[in-house]
Structures are given as C-alpha cells and as structure tokens.
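A.B. asks: Residues per chain, in single letters:
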Amino acid sequence: MNIYRTKKTVGTIILHLVVAFIGLIMLFPFIWMILGSFKYNKDVLSIPVNLLPPEWNFASYKNAFAAGPFGRYYLNSVIVLVFALVINVVTCTTSGYGLAKFKFKGRDFFFTLILSTLMIPIQTIVVPLFVLISKMKLVNTYAGIIIPLSLSGFGVFLMRQFFYSVPDELLEAARIDGAGEFYIFRKISIPISTVAIISLTIFHSQYVWKNLLWPLVVATKTNLRTLTVGISLFSGVFFTPYPEQLAMSVSACIPIVVLFIFLSKYFIRGTAMTGIKG
Amino acid sequence: MKKNSHSRAGYFFVVPTVILFCVFLIFPMLNSFRLSLYSWNIMEPMKWVGLDNFKTLFQDKEFLASWGRTLQFTLTSVVLLLIVSFIFALMLDSRSLKSRNLFQAVYFIPVVLVTPAVGVVWKLMFQTTGILNAGIFAPIFGATVPWLESQNIALYSIMLVQLWISSGYYMVMFIAGLQGIPEEYYESAVIDGASWFRRLFSITIPLLKPVFLLVFVTSVLFVFGQFALPYTISQGGPNYATELMTLFIYRNAFKYLKVGYASTASIFYFLTMIVFSIIQIRLFSDKKKR
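Chains as they are written, first to last, in my numbering: chain A, 1 to 278; chain B, 1 to 290.
Keep in mind the hints are simulated off the structure, nothing from the lab.
Any given hint could turn out to be false.
[To be verified] 27 Å max Cα-Cα, derived BS3-like pairs, lysine-lysine:
#1 A/Lys-8 x B/Lys-255
#2 B/Lys-255 x A/Lys-221
#3 B/Lys-209 x A/Lys-137
#4 B/Lys-209 x A/Lys-265
#5 B/Lys-255 x B/Lys-47
#6 A/Lys-62 x A/Lys-42
#7 A/Lys-135 x B/Lys-47
#8 A/Lys-135 x B/Lys-209
[As the list claims (entries may be wrong)] Where chain B lies over chain A, by a calculated footprint (3+ residues, C-beta under 8 Å):
#9 31 to 43
#10 108 to 115
The beta carbon of each residue, even a glycine, is placed where N, CA and C say it ideally should be.
Make a model of the complete structure from these sequences and hints.
C.D. replies: And the structure:
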C-alpha cells in the first residue's frame, strides 16, 4: 500500500513537470513576441541570445502606429470584423431558424445547398470569386472584403442544430396569441439563443480577424489593407524593423487574447460544442 | 390555412441567405469550370483555349510537385496532430493534475493568436541567429538547423508551426470526448486489474473512435487550406520547397495574372478535397456497420 502510494505521487509529480514544461513551450513564442517588441532592432536576432531586452525600447508601438498605415490597417480590420459579424449573425440565425422550425417545399434542398458550401472554403474559389467581385466593381471596397468573409455554412448549420432543440410548443403558444412570425423570432427565439450566438460570434470573429488570403487579394490599395495583410507585407526600405513588426503582431493578437482570458470558458466550450455537433 | 401561412414564412427566413450563398460561393465554384477553358489575364478579352489549361497543368512539374507537397503536408500534419492533441488531452484531463482549467487555457493560447503574426514570430525564431538555433541547438548540440534554408527541412518547420497553432484546438475536442466516457468503465477495469495501458487501448481509444474521425475530418479540411503560414514564414521558398497548392494558385492568379490556368488548378484542388471527403465518408459508414 505504501509503495503504491509513493509510486503514485512520483507519477503525479512527473505529470505536473511534463505538463508545465510543454505549457512553457506552448506559451514561449507568444512571450518571445511580446519581449521582442520591446527590444531594439539590433537585439532581436543578436548573438549571444537575450531573452529579456538588454535595453527596453518603448518606442516600437508608437513608431508602428505613427508610421501611418498601421493605425489605418487596424481600423480597417475592426470595420471588416464588425460588418462581417453582423451579416454573419443575421444570416445564420434567420436561415438556421427557418431551416429548423418551418416545413416548406425545397427546405431540404436549401439545407443541402448550404451544407455543400462547407466543401468550398475561400481558398478553393479565390480566383473566380475575385473575378465576380471585380465584375461587381467591388475590388478595393469594404463591401468586397466583407461580404465573402461574412458567409459561413458551418454557422448556419450550428444555428439550425440549436433551433432544432428548441421546443415547438414555445412558438406555438405565441402563434395562438396571434404573434407574427418575425415577432416570435425576435422576441422569443433570439433571446433564448444568446449562448449559441455568443459561440457563433467567437468562432466566426476569429475566422474574420485572422483571415489573410481574401483581404490580401481583394484590397490592393494600401489604405484598405487589413491588419493581417499589413503584418505580412510589412518591411522597411533597406531593412525590416523587427520590433515594429512584432509590435504590430502583438497589437493584432491582444484583443483576442484578452477576450480569451475573460471568456476562455466560452472559447473552450464552443470548440467542444462544434466538435460534438460537427 | 394557418399552417400554410406559417410554412410560407420559412421562405422569408431562408431564401435571402440562400441567395447570398449561391451568388458568392456556389456560382464562383461553377464559374471556375468555365474560366478554366480560357486564357485570360483580366485586362485583355478572354481567349478560348479549350482543354489546353488542363494539358499544361498535367505537364507542369511545379504544379505536380506542389500537389504532392500539399498531400504530404496535410497527411503528415494531421497524423501528428491526432497523436499530439490526443496525448495532450490525456495529460490535461488526468484526475491527478491540479489546475486543469488553467493548463487547458495555456495550451489553447496558440489557437487564438493571429496566424500571420504567428508566422512572423516563427520566421524570426527559425533564423540562424534566432532563438531556436542560437539559444537551444547551438549551445546544446553544437550545430544549427537550417530550418528555412534547407529544401528538405523547410516544409517540416512549417508543419511544426501548424502543430503548435492547432494542437490545443483538437485537444479540447478530445477532452470533451474523454469526459463523455462513463467513470464506471474504468472502475470495473481497475477492479479486474487492468493496467493503465490496457485501459487506454481497450476502453479509451475504442470509445473515442468517433472523436478521432471527427478530428481527422476537420483537421484535413483546415490544414489542406493552409495559406498564411507558408506565405508569411517562407513565401513558398526555398526554391518552392514550401509552396502549397494555395500558394501556387495565388501566385499564378495574382502575380502572373493567369486567371484561366489558376482556375484549372483550383478545380484540382477542389477535386482532391472531394476525394478526401469520400474516403472520410467511407470511414464513417464503416464505423456505423460495426
């Protein structure tokens, strides 16, 4: 019994050490990114390696934003995010609700059609999509960036599954009281789906905020670039100022990381949920 | 009568979204078949070339190499992801681990970071004087690794980053699966004297089969479409060693303005994905039969 117990504590200690060590590896690049943004250019890749900045450089953030476009890129990313999310939540909730709660001709066809778009992510159709957007004269416009990023077959699926679990009696009762369909949707269905909508928003906002390919292709003018494009294409005239580039990277990550720290349960539960439902 | 009007309301909820999906996703997909029959640089009028793009594509060594590379990248990354995220899940769901939630959150952090920012950071860390070489490999092993300079290694370096950014995500899926296994199964196995490994292979892994399949399906789709990592870390280099199909399509369409040719490549990209899905559907239906 005694031997068994010591064995178990030793095992537990080793487990903790291994988990903590890998945890450090998982965190390290992010920490290095933050520390690097406070170094001077010569210290970022210097030998011998210095983890902490030998001299702290607090100007890199100011420089990155003062360099003009970066503030603009940030603003563009926020604009794209907000509008893409609004369109995404509206389309996913309405169509998910319609597909789950109404019986009409062609419903299954519509559902299959939307599900089939899971097989065509933006990477697959980037060329014809660009052709379409340019025919619509939407290249180098916010609408051109936003609309393709706001559609998500998976989001529709998620909301449809959610509304499917809402009991029909709840809606039937309101119908008997003479409430209109849109009124029922707004006053009953939306309020009870808050948690699902938060999960959808967290899920989709990461997609929009992190997307590089589409804004890279469709916004060729500097003043329409998003953060991700700005970070990827950032370089100086004669050399790349690393601390500024890292400062941009940190600034791009910070909003999601802060959100994650406060809402980590939603992030993790949302992921687990997409797993179970998907 | 009532029933009828109630059903019709369904169209108002569904049709606007369906139209958006048709215009911006399904129509472009179909249109890529038409575009693949033309030679077109966007500025000049389109020129009909029939199946020439397909002929060129099959003889294009760059394309074939990029196709094979994408398969290699996807399959290797996915297998590694399955193993690593499953091991992470076993460790972080363990009863004997304290502050499990904190550790799970830490392992999840790379998932939420912005991909191009991650690419920039790893690109710097991979340099000869970067932290990996100058901080770890040179002092401990006395040699540096040409992470991004070697054509044989660069693709694996990007796989490493892919693994780093997504293992936390799939770990969470596995943890959800682990928590769905009833405790009694393990208890009776312990009473029967089953070792930890025995329990792992006779209870945990068989019961998690649906989760393994799910992780496989989702990660294949995700990794197959990877663009931002190779674009920011290596720009497809050195000598195209990390040029995945997404980069090939991007380069041909938007650098060389070969719209028709890039559409043809997109069709193959799409067909490869379809084949992947058919294999996956097979795996799923096999599961059901048992």
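A.B. asks: Next step is simple, just say for each hint if it's right about the structure.
C.D. replies: Hint by hint, here is what the structure shows:
1. Annotation: proposed proximity of A/Lys-8 to B/Lys-255 is violated, straight-line Cα distance about 60 Å (limit 27 Å).
2. Taking the CA atoms of B/Lys-255 and A/Lys-221, the gap is about 16 Å. The hint holds against a cut of 27 Å.
3. The suggested pairing of B/Lys-209 with A/Lys-137 is violated, with an alpha-carbon distance near 49 Å, which exceeds 27 Å.
4. Using a Cα cut-off of 27 Å, the hinted pair B/Lys-209 and A/Lys-265 holds, with the two alpha carbons roughly 25 Å apart.
5. Simply put, B/Lys-255 and B/Lys-47 have alpha-carbon atoms about 19 Å apart, close enough for the 27 Å limit, and the pair holds.
6. For the given pair, A/Lys-62 sits about 18 Å from A/Lys-42 by alpha-carbon distance, which is consistent with the 27 Å threshold.
7. Restraint check for A/Lys-135 and B/Lys-47: satisfied, since their Cα atoms lie roughly 17 Å apart, inside the 27 Å limit.
8. In summary, the hint linking A/Lys-135 to B/Lys-209 is not supported, as the alpha carbons are separated by about 47 Å, beyond the 27 Å threshold.
9. Check result for the segment 31 to 43 of chain A against chain B: holds, 3 residues qualifying (beta carbon to beta carbon below 8 Å, three or more required).
10. Residue count for the segment 108 to 115 of chain A with a Cβ under 8 Å from a Cβ of chain B: 3. That meets the three needed, and the coverage hint holds.
In terms of the numbered hints stated before, the structure departs from hints 1, 3 and 8, listed from lowest to highest.
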